[in-house]
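Undergrad: Heads up: the protein sequence lines correspond to chains L and E, in order. Here UniProt numbering is used: position 148 in the first sequence is 148, and no number is missing along the way. Here UniProt numbering is used: position 285 in the second sequence is 285, and no number is missing along the way.
Each hint should be verified, as a subset may be incorrect.
[What the hints assert, rightly or not] Pairwise CB distance ranges, derived in the manner of DEER restraints:
no. : chain 1 : residue 1 : chain 2 : residue 2 : range
1   : L       : ALA446    : E       : PRO231    : 19 to 29 Å
2   : L       : ARG195    : E       : ALA211    : 47 to 57 Å
3   : E       : LEU314    : L       : THR102    : 50 to 60 Å
4   : E       : GLY311    : L       : LEU436    : 40 to 50 Å
[As the list claims (entries may be wrong)] Sample of chain E residues facing chain L (criterion: CB under 7 Å; computed from the structure):
no. : residue
5   : GLY40
6   : GLY43
7   : ALA45
8   : GLU196
9   : MET228
10  : ALA238
11  : ARG242
12  : LEU249
13  : THR256
14  : HIS281
[To be verified] Computed far set for chain E versus chain L, every beta-carbon distance over 12 Å:
no. : residue
15  : ARG32
16  : ARG41
17  : GLU49
18  : GLU57
19  : GLY67
20  : ARG128
21  : LYS130
22  : VAL180
23  : GLU185
24  : ASP204
25  : PRO226
26  : ARG247
No wet-lab data here; the hints were simulated from the structure. The C-beta atom is built at its ideal place from N, Cα and C for all residues, glycine as well.
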Amino acid sequence: MSVTTGDAARAEVNGAGAAGAWANGLDAASVLDIDPVLDNPRTRIVVCCGSGGVGKTTTAAALGVRAAERGRKVVVLTIDPARRLAQSMGIDELDNVPRPVTGIDTSAGGELHAMMLDMKRTFDEIVETHADKERARAILENPFYQSLSAGFAGTQEYMAMEKLGQLRARDEWDLIVVDTPPSRSALDFLDAPSRLGSFLDGKFIKVLMTPAKIGGRAGMKFLGVGMSMMSGPLNKLMGAQLLRDVQTFVSAMDTMFGGFRTRADATYRLLQAPGTAFLVVAAPERDALREAAYFVERLAAERMPLAGLVLNRVHGSGAARLSAERALAAAQALADGPGIPRTPDSSENLDGVGIVDRDSGQTGSRTADDPGTRTPSNTSSPGSGSPQPAPSGDPAPSAPSMDSTARLTAGLLRLHAERMRVLARERRTRDRFTSLHPEVPVAEVAALPGDVHDLAGLRAIGERLAVQTARHDATPAEATADGKGTENP
Amino acid sequence: MSRLHVVSGKGGTGKTTVAAALALALAAEGKRTLLVEVEGRQGIAQLFETETLPYEERKIAVAPGGGGEVFALAIDAERALLDYLQMFYKLGSAGRALKKLGAIDFATTIAPGLRDVLLTGKACEAVRRKDRLGNFVYDHVVMDAPPTGRITRFLNVNDEVAGLARIGPIHNQAQAVMRVLKSPETAVHMVTLLEEMPVQETVDGIAELRAAKLPVGSVVINMVRPEMLDPAAVDIAANGRRAAVARALSDALAQTGFAGADRAGLVEELVDPLVAQAREHTERVALERLGRTEISGLGLPTYELELLGDGVDLAGLYRMARELRKQGVAR
Ligand SMILES: Nc1ncnc2c1ncn2[C@@H]1O[C@H](COP(=O)(O)OP(=O)(O)OP(=O)(O)O)[C@@H](O)[C@H]1O
Ligand SMILES: Nc1ncnc2c1ncn2[C@@H]1O[C@H](COP(=O)(O)OP(=O)(O)O)[C@@H](O)[C@H]1O
Ligand SMILES: [Mg+2]
Ligand SMILES: [Mg+2]
Chain L
1 MSVTTGDAAR
11 AEVNGAGAAG
21 AWANGLDAAS
31 VLDIDPVLDN
41 PRTRIVVCCG
51 SGGVGKTTTA
61 AALGVRAAER
71 GRKVVVLTID
81 PARRLAQSMG
91 IDELDNVPRP
101 VTGIDTSAGG
111 ELHAMMLDMK
121 RTFDEIVETH
131 ADKERARAIL
141 ENPFYQSLSA
151 GFAGTQEYMA
161 MEKLGQLRAR
171 DEWDLIVVDT
181 PPSRSALDFL
191 DAPSRLGSFL
201 DGKFIKVLMT
211 PAKIGGRAGM
221 KFLGVGMSMM
231 SGPLNKLMGA
241 QLLRDVQTFV
251 SAMDTMFGGF
261 RTRADATYRL
271 LQAPGTAFLV
281 VAAPERDALR
291 EAAYFVERLA
301 AERMPLAGLV
311 LNRVHGSGAA
321 RLSAERALAA
331 AQALADGPGI
341 PRTPDSSENL
351 DGVGIVDRDS
361 GQTGSRTADD
371 PGTRTPSNTS
381 SPGSGSPQPA
391 PSGDPAPSAP
401 SMDSTARLTA
411 GLLRLHAERM
421 RVLARERRTR
431 DRFTSLHPEV
441 PVAEVAALPG
451 DVHDLAGLRA
461 IGERLAVQTA
471 RHDATPAEAT
481 ADGKGTENP
Chain E
1 MSRLHVVSGK
11 GGTGKTTVAA
21 ALALALAAEG
31 KRTLLVEVEG
41 RQGIAQLFET
51 ETLPYEERKI
61 AVAPGGGGEV
71 FALAIDAERA
81 LLDYLQMFYK
91 LGSAGRALKK
101 LGAIDFATTI
111 APGLRDVLLT
121 GKACEAVRRK
131 DRLGNFVYDH
141 VVMDAPPTGR
151 ITRFLNVNDE
161 VAGLARIGPI
171 HNQAQAVMRV
181 LKSPETAVHM
191 VTLLEEMPVQ
201 ETVDGIAELR
211 AAKLPVGSVV
221 INMVRPEMLD
231 PAAVDIAANG
241 RRAAVARALS
251 DALAQTGFAG
261 ADRAGLVEEL
271 VDPLVAQARE
281 HTERVALERL
291 GRTEISGLGL
301 PTYELELLGD
311 GVDLAGLYRM
321 ARELRKQGVA
331 R
């Protein structure tokens with residue numbers, strides 16, 4: 001009785017093909033089981049890295065909560081958390097020291113401390129602890145120091161490393177969870193400290209340093225050989241005062257340079273230690289996963305221990321057995337109306353209940369009164385291939401013939417088709433990663449409809465991260481296999 | 001209307017894409033625009049699918065509808081500094097020596113403010129450049145700028161270098177740049193998504209810009225997803241109409257050949273997940289509405305660009321440009 005249209009059948013076959021590739025990807029990639037990592041007393045540091053906006057901070061905080069509630073004594077170092085998240089953890093005041101987080105279930109014997117990194121303050125503290133009073137004051141007041149400590153590309157990364165080293169040295173916690181700065185490239189976290197190091201080691205600095213080294217305090221009064229060579233053009237450009245400031249800064253920092261490098265090297269070694277676990281966080285998007293792949297390769301090159309990939313904000317569907325193509329075809333059948341037997345309650349009028357019908361080109365009711373915020377009229381997603389009604393003639397397919405239940409159902413179906421497209425896209429991007437790096441264990445975290453900004457939300461994320469079964473229930477791979485079984489007996 | 005358009009926003013919200021679409025939109029009807037990038041990332045070249053951009057203005061696209069032209073330039077602070085030295089001091093070889101020593105790298109690294117003056121300075125120069133007839137060479141200059149967290153410092157060059165260079169040519173340059181940036185000739189646009197964090201950053205960023213007396217232009221809401229169902233409809237689907245919805249679903253699926261004998265059972269399993277998805281949708285729409293309210297509270301012109309399902313290719317970029325024009329961006 002059921003007649004499969006040619007188009008739909010082809011779409012189904014294509015769908016199955018994609019799903020087949022996905023199934024292979026699934027086999028190849030192992031599942032990241034996070035609880036053993038968190039529970040293992042040998043795990044002392046967990047680093048969450050990845051490109052911007054993927055959920056590093058959220059993941060770090062969620063892991064902190066989870067590990068603490070499973071009995072570990074944890075400190076989370078967050079960097080630039082969303083304001084409401086910081087408030088909910090009681091760390092919205094920047095004082096650069098860990099604070100106990102209240103509201104944590106401590107029945108397993110754990111505890112949670114958290115802090116938000118203040119990079120300038122961290123830098124100032126280093127200066128204060130490593131230089132005598134007078135020298136420290138000279139540095140802190142120097143305009144070049146102020147500019148460097150507040151804005152050097154990489155200062156934040158460097159200071160995050162520095163703070164991690166400090167927390168580790170205090171040895172008050174048995175697990176440190178570190179978030180990384182919101183740089184566009186995950187690699188920045190590893191590169192920035194050495195960049196600062198090589199900058200401080202640079203040729204030009206050496207030239208600037210020469211007089212101070214030879215003449216000590218008195219030498220600062222005149223310019224050295226290198227300086228006088230350059231002083232003509234530089235003086236013209238920058239003015240003599242500026243040059244003096246640079247030199248004061250450089251000579252004042254002189255004693256500290258060695259210390260910077262030594263500590264950066266020590267922290268780098270800490271990151272290579274077996275007690276460290278890197279988690280690469282990515283969203284199932286092309287750019288984010290490309291970054292993640294670079295980072296994974298880099299970690300391997302640096303012999304830094306990778307625990308796995310957290311694929312955050314993944315979409316799922318409980319109705320994955322219904323393909324996008326078929327859902328759209330069914331929605332279309334409902335829109336076409338006539339063939340559908342009337343349901344008993346079809347006389348009831350639901351018009352005005354606000355089924356925002358995409359096909360009508362009316363994507364919002366706020367349009368008329370506020371043209372400035374008008375949602376662009378629908379141009380349909382590119383490549384959607386959805387069977388749209390002919391745009392000519394009656395612009396509204398919600399013709400009087402289509403009853404309200406049918407419209408409602410068609411709405412549900414269209415929404416589902418959209419979801420299935422998102423799923424397929426995410427799956428493809430994920431596949432690309434897993435085929436490149438089948439050795440990397442992966443854990444998926446569902447996208448929640450809203451932001452995560454309280455302990456309950458963090459717990460939910462931690463739970464989703466730890467319990468990876470859902471993925472096997474509702475993957476399109478199985479569902480399609482299922483669908484095939486029922487559709488083509 | 002402003003001629004220097006600075007496009008900022010939270011990382012990843014679409015600054016580069018929107019800046020490019022804006023450059024295209026402003027170039028329509030025979031105008032000429034310059035699209036500049038300042039972070040050395042070659043985002044423009046990637047977007048326009050061209051080779052790496054040199055430190056040189058070159059034409060990369062024609063405007064939708066033909067006639068207008070878009071030029072592009074990747075500004076490099078080091079090169080800008082050398083140009084500058086050359087222009088004012090004729091420092092041919094000394095300039096190269098400085099570069100070799102790492103002095104230029106040093107100067108632009110240790111003093112980000114200095115770097116910023118060079119970058120914004122170059123953009124301002126392009127804005128004011130005139131041809132022999134005294135007409136502006138570019139009708140508009142669009143800058144793919146640093147993200148919200150850094151934009152105020154980036155543009156507020158005067159304050160940034162004030163402590164470093166109290167006198168001298170850098171000081172003067174900073175003041176000249178500042179005059180352009182604070183004038184109505186400039187407009188800073190913010191790109192945002194309707195998610196909580198980007199909206200919050202936008203609101204905070206605009207407050208900062210205003211406090212620094214920098215001219216705020218508009219807000220571009222990017223990646224807007226259509227609203228398909230509203231909560232009342234979903235409630236009805238879940239409650240009163242559940243059975244009717246199941247029947248309609250079953251009929252529609254039968255018509256399109258889904259499942260055979262087992263259909264009734266399958267349909268029954270589909271209804272709840274479909275309704276659950278619809279609920280997530282309405283939840284998200286509600287949150288987006290809150291975001292819109294916050295943004296409209298800013299009292300700025302607002303444009304919306306829809307999410308392109310398969311990412312932005314050249315065709316998508318032109319579509320975004322047309323959409324911006326339609327919404328009045330060139331008016
Ligand atoms: N309207 C849109 N629909 C679909 N995808 C989009 C849209 N706008 C931007 N994108 C995509 O989002 C991603 C980020 O965009 P883009 O690079 O322009 O952001 P950005 O703000 O410049 O990022 P960054 O902060 O890294 O510079 C790109 O892959 C881009 O193609
Ligand atoms: N699984 C998720 N579901 C819904 N929202 C999420 C999820 N993960 C993160 N978010 C939200 O995304 C935004 C960015 O997350 P954040 O952790 O700050 O990213 P990053 O630290 O990588 O820049 C936050 O508003 C956060 O609440
Ligand atoms: Mg973060
Ligand atoms: Mg960009």
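Undergrad: Confirm or reject each hint.
TA: Results of checking the hints against the structure:
no.	hint	result
1	L:ALA446 / E:PRO231: 19 to 29 Å	21 Å, holds
2	L:ARG195 / E:ALA211: 47 to 57 Å	32 Å, violated
3	E:LEU314 / L:THR102: 50 to 60 Å	53 Å, holds
4	E:GLY311 / L:LEU436: 40 to 50 Å	19 Å, violated
5	GLY40	11 Å, violated
6	GLY43	10 Å, violated
7	ALA45	15 Å, violated
8	GLU196	4 Å, holds
9	MET228	5 Å, holds
10	ALA238	10 Å, violated
11	ARG242	10 Å, violated
12	LEU249	5 Å, holds
13	THR256	4 Å, holds
14	HIS281	6 Å, holds
15	ARG32	26 Å, holds
16	ARG41	8 Å, violated
17	GLU49	15 Å, holds
18	GLU57	25 Å, holds
19	GLY67	23 Å, holds
20	ARG128	22 Å, holds
21	LYS130	27 Å, holds
22	VAL180	21 Å, holds
23	GLU185	23 Å, holds
24	ASP204	9 Å, violated
25	PRO226	4 Å, violated
26	ARG247	5 Å, violated
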